[in-house]
Amino acid sequence: MEEDRLSGISLIHQAQAQNLKKESGRQSFWIGVMWFFAFITVSILILVVGYVLVQGGKAIDWEFLTTSPKGGISGEGGISTTIGTTFYLVGLTLLIATPLGVGAAVFLIEYAGEQSLSSKFLRSVIGVANFAVETLAGIPSIIFGLFGYALFVSTLHFGFSLLSAALAGACLVLPTIIRTTEEALLAVPDDYRRGSLALGATKWQTLYRIVLPAGLPGIITGIILSVGRVISETAIFYVTLGGSYRLPTSIMDGGRTLALHLYYLAMDTRAFDKAMGTGAVLVVMIILINLLIDRVSRKLTAGVRKVR
Amino acid sequence: MSARMIADKTVKVILFASAIVSILIVLAIGFFIFRESIQAWSEIGVGDILFKTVWRPGQDQYGILAMIVGSVSVTLGAILLGVPLALGCAIFLAEIAPAGVQAVVRPAVQLLAGIPSVVYGLFGMVILVPLVRKLNVPGNSGYGLLAASIVLAVMILPTIASVAEDAIRAVPENYRHGSLALGATKWQTITKVVLPAGKSGIIAGVILGVGRALGETMAMIMVIGNSVIMPQPLSDNPLTFFLSQARTLTGNIAVEINYATGVHESALFATGVVLFGLIMIVNASARWIIRGQKFIEKAN
Amino acid sequence: MKNISKSVFLVVSLILVAAMVAACGGSSTPGAPVSDPSGGNSTVTVSGSTTVQPLAEKLAEAFMTENTGVRIDVQGGGSSVGVKAAGEGTSDIGMASREIKESELIEFPNLKIIVIARDGIAIVSHPDVNVGDLTIEQVRDIFSGKITNWKDLGGEDQNIIIVSREEGSGTRGAFEEMVMGEDALIAATAILQPSNGSVRTTVSTTPYAIGYMSFGYLDETVKPISIDGVAPTEPNAADGSYPIVRPLNMLTNGEPAGMVKAFLDFILSEAGQKLVVEDGYIPVK
Chain A
0 MEEDRLSGIS
10 LIHQAQAQNL
20 KKESGRQSFW
30 IGVMWFFAFI
40 TVSILILVVG
50 YVLVQGGKAI
60 DWEFLTTSPK
70 GGISGEGGIS
80 TTIGTTFYLV
90 GLTLLIATPL
100 GVGAAVFLIE
110 YAGEQSLSSK
120 FLRSVIGVAN
130 FAVETLAGIP
140 SIIFGLFGYA
150 LFVSTLHFGF
160 SLLSAALAGA
170 CLVLPTIIRT
180 TEEALLAVPD
190 DYRRGSLALG
200 ATKWQTLYRI
210 VLPAGLPGII
220 TGIILSVGRV
230 ISETAIFYVT
240 LGGSYRLPTS
250 IMDGGRTLAL
260 HLYYLAMDTR
270 AFDKAMGTGA
280 VLVVMIILIN
290 LLIDRVSRKL
300 TAGVRKVR
Chain B
0 MSARMIADKT
10 VKVILFASAI
20 VSILIVLAIG
30 FFIFRESIQA
40 WSEIGVGDIL
50 FKTVWRPGQD
60 QYGILAMIVG
70 SVSVTLGAIL
80 LGVPLALGCA
90 IFLAEIAPAG
100 VQAVVRPAVQ
110 LLAGIPSVVY
120 GLFGMVILVP
130 LVRKLNVPGN
140 SGYGLLAASI
150 VLAVMILPTI
160 ASVAEDAIRA
170 VPENYRHGSL
180 ALGATKWQTI
190 TKVVLPAGKS
200 GIIAGVILGV
210 GRALGETMAM
220 IMVIGNSVIM
230 PQPLSDNPLT
240 FFLSQARTLT
250 GNIAVEINYA
260 TGVHESALFA
270 TGVVLFGLIM
280 IVNASARWII
290 RGQKFIEKAN
Chain C
0 MKNISKSVFL
10 VVSLILVAAM
20 VAACGGSSTP
30 GAPVSDPSGG
40 NSTVTVSGST
50 TVQPLAEKLA
60 EAFMTENTGV
70 RIDVQGGGSS
80 VGVKAAGEGT
90 SDIGMASREI
100 KESELIEFPN
110 LKIIVIARDG
120 IAIVSHPDVN
130 VGDLTIEQVR
140 DIFSGKITNW
150 KDLGGEDQNI
160 IIVSREEGSG
170 TRGAFEEMVM
180 GEDALIAATA
190 ILQPSNGSVR
200 TTVSTTPYAI
210 GYMSFGYLDE
220 TVKPISIDGV
230 APTEPNAADG
240 SYPIVRPLNM
250 LTNGEPAGMV
260 KAFLDFILSE
270 AGQKLVVEDG
280 YIPVK
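Residue numbers (numbering that gives the first Met the number 0), protein chains in the order written: chain A, 0 to 307; chain B, 0 to 299; chain C, 0 to 284.
Keep in mind the hints are simulated off the structure, nothing from the lab. Being a predicted model, the structure only gives us computed values, none of them experimental. Be a bit skeptical, because a hint or two may be false.
As the list claims (entries may be wrong) - Here are the simulated BS3-like pairs of lysine-lysine, each with C-alpha atoms no more than 30 Å apart in a straight line: (1) C:K100 / B:K51; (2) C:K222 / A:K57; (3) A:K21 / B:K51.
Unchecked claim - Only some residues are given here: those of chain C computed to face chain A with a beta carbon under 8 Å: (4) Q74; (5) P193; (6) S197.
Ideal placement from N, C-alpha and C gives every residue a C-beta, glycine not left out.
Only chain A is shown next, with the shape it has when bound in the complex:
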């Protein structure tokens, strides 16, 4: 009996040893391939970012950053107004999108489970709302642009303006803000809410004083992600913001973001150096935004750990 068991075990060990011998060569190969793929990916990043930064860096100086583009065929001037326009657009878009997005997320998470909402109609409305957010997230930016052009620029006569662009942009980033806020709210422990309600606070007070502050880092992450999105996007603002290189003085004025300016420089002028310079400024902004998101989400997980 004992020999049977022992020989059985030794058979298994034999099979394992055989497998190891046969497979370890293949494994080393494929793991090497994985390292190689990762290496290629990082190299692509370094290549693209590096090229843009190096070529673009040559064109960047104080004058480039502080003078306005002068238009014309040879792309004279700098990028000062485009930086301003980008900031205005980001600000206006977030002004519209953040209350809507956070409000929607709060409702979908905090109120959706309520007893009083057990009526089938309202539950299905909420289901549809969730589906709508998912759908919005998948719509390409050119479609948002077309929509913005049809509704805001044309039908509502806002024309090519910060307003049209910001409204379209708000639709674009809304799913991002809703989703990240939802995740932030879900991460807040239920005990917080129960404790507050037990002390006699209303739901709104609980939200306002306890839950939202606790979820704030996540919400901020969503906002920063949206900032990055607005800065990088082109197609949607191409058809809603107009191409003027001047700095908008009101929300009904049009303008150019950095990304749009890059596109116009690359396509319409021969100032590739300035296009690269604009690209370099853009890339630096994105890198800084990514670092910021990293910092904030680390603070988020640290906060959660503290609670435990």
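Starting from the structure of chain A, add chains B and C where the hints point.
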């Protein structure tokens, strides 16, 4: 007391309104784009738009089939190039890389996702197109599906990689432990146990990448040539298909929207409707597949 | 309580839906300007043709240095957008690099057309191409795809790569009218670019490429091709020996007034026309 409760109720209503704004936006988008396209559908005819290959608004021809093929082809190229790379990165980050290397590679992948599409387009114009042109095939201008597929592959890589990585990480540890305990090597475990278990999530990631690829506009305009032809191989070698110039549905909209009026403009919105439809189908498939996956995980 | 909440929710939803319906119900009335034409305020909006845009920007800069209270906003959008914006009043001035169509004059009967300059369309090739002179028929045959190799024109044995503008472009429209004529169509294999500048970039960087673009964009990166021995220069266009010339138009809704009139007067004045010549266009006189 009642003042606070009124405040509470008011807040609830306001928040509800915010929640349904999303529904309204989706409906509005569908409505407006469809409305603007009606003139095209009625004056030109659904069949003539969807199935004809000649797009010459100046001659009253509005066939977008060539653009549909263009979009699908460049997406196919991007998937062929991008999925192996993305999957490799996902496996690498989830299973193979030591923590220090992860801390370098993962932010790199995230940064790739954040780079504006015009920067990729610029890079493609200045570096890739001349490179592709070096392939000595008559009719190869450098602009076309190959350059565009490469650019697109790089752009969708982060999307696929991060979803795939999440899917791989979600596979329970005991799957791996069980496999290793039976004597399988790490690589065997990955290929025969982990990847099949995370299959749905990985496929969902690929499909999300497809959706992203179909929707990309600016980078495509800059490198694909925008010629309104059915992509064809340039020589006897079928691979030269990818050297063909093409135009995407998105490019069709962006390149001509500035100058179009009347039926022409409406036809561009019709292009938008087709694009919208294609992407809805793609995203619905992704959601359907993920739903299956979550169910299986819960059952475990 | 439950019923009241439910009806409040319904009312709110209905209000929001009604707002959207009301928004889409409104339509523009042609000829009725929405923004006050700058008799009153000090912003002039100019939009339309991307060909005219750089010239308009330059003229605007000059005008604004003299008249510091005014702000002139120049945007692109294309000739057709320019006509529509001027006609509907969403822009004070529209720019068009082509003749205005019959249908547009019917839709916007109050449209006033002011020719601010004339512009030649040059045929250009990559600098390495060693063919420098063509007839109009040859140009037509190249762009329609009948002639596909430079060797048929006395050049090297290389495929000709055609670069064109997109449909609806004023520059393309003018090219089609004056070179292609009624029957020939630009080949579908052409690389299409959405602006003069991108045509120039493509032609200058793609060996054996040929394209067409506005005179104003000519520079040393592309090689100009003479038509029937006549080189594409401003004097040749001005005296009529160069055949491919088209008007650059600015459009207003009704008679221009106030700052708009002042700007247009400036453009047509000697100072303005001098800038026109500087940028490579032909003055109106």
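*Does the structure keep C:K100 and B:K51 at a Cα separation of 30 Å or less?*
holds, 28 Å
_For a C-alpha distance cap of 30 Å, please report whether C:K222 and A:K57 respect it._
holds, 29 Å
*Straight-line alpha-carbon gap A:K21 to B:K51, limit 30 Å*: Measuring from Cα to Cα gives roughly 56 Å; hence the hint is violated.
*asked:* Under 8 Å is the threshold here; is the Cβ of C:P193 close enough to any Cβ of chain A for the hint to stand?
replied: holds, 7 Å
*Measuring from the C-beta of C:Q74 to each C-beta in chain A, is the shortest one below 8 Å?*
With Cβ-Cβ at 4 Å, under 8 Å, it holds.
_Cut-off 8 Å, beta-carbon criterion: hint that C:S197 touches chain A_ = Because about 4 Å separates C:S197 from the closest Cβ in chain A, which is inside the 8 Å limit, the hint holds.
Checked against the numbered hints given earlier, this structure breaks only hint 3.
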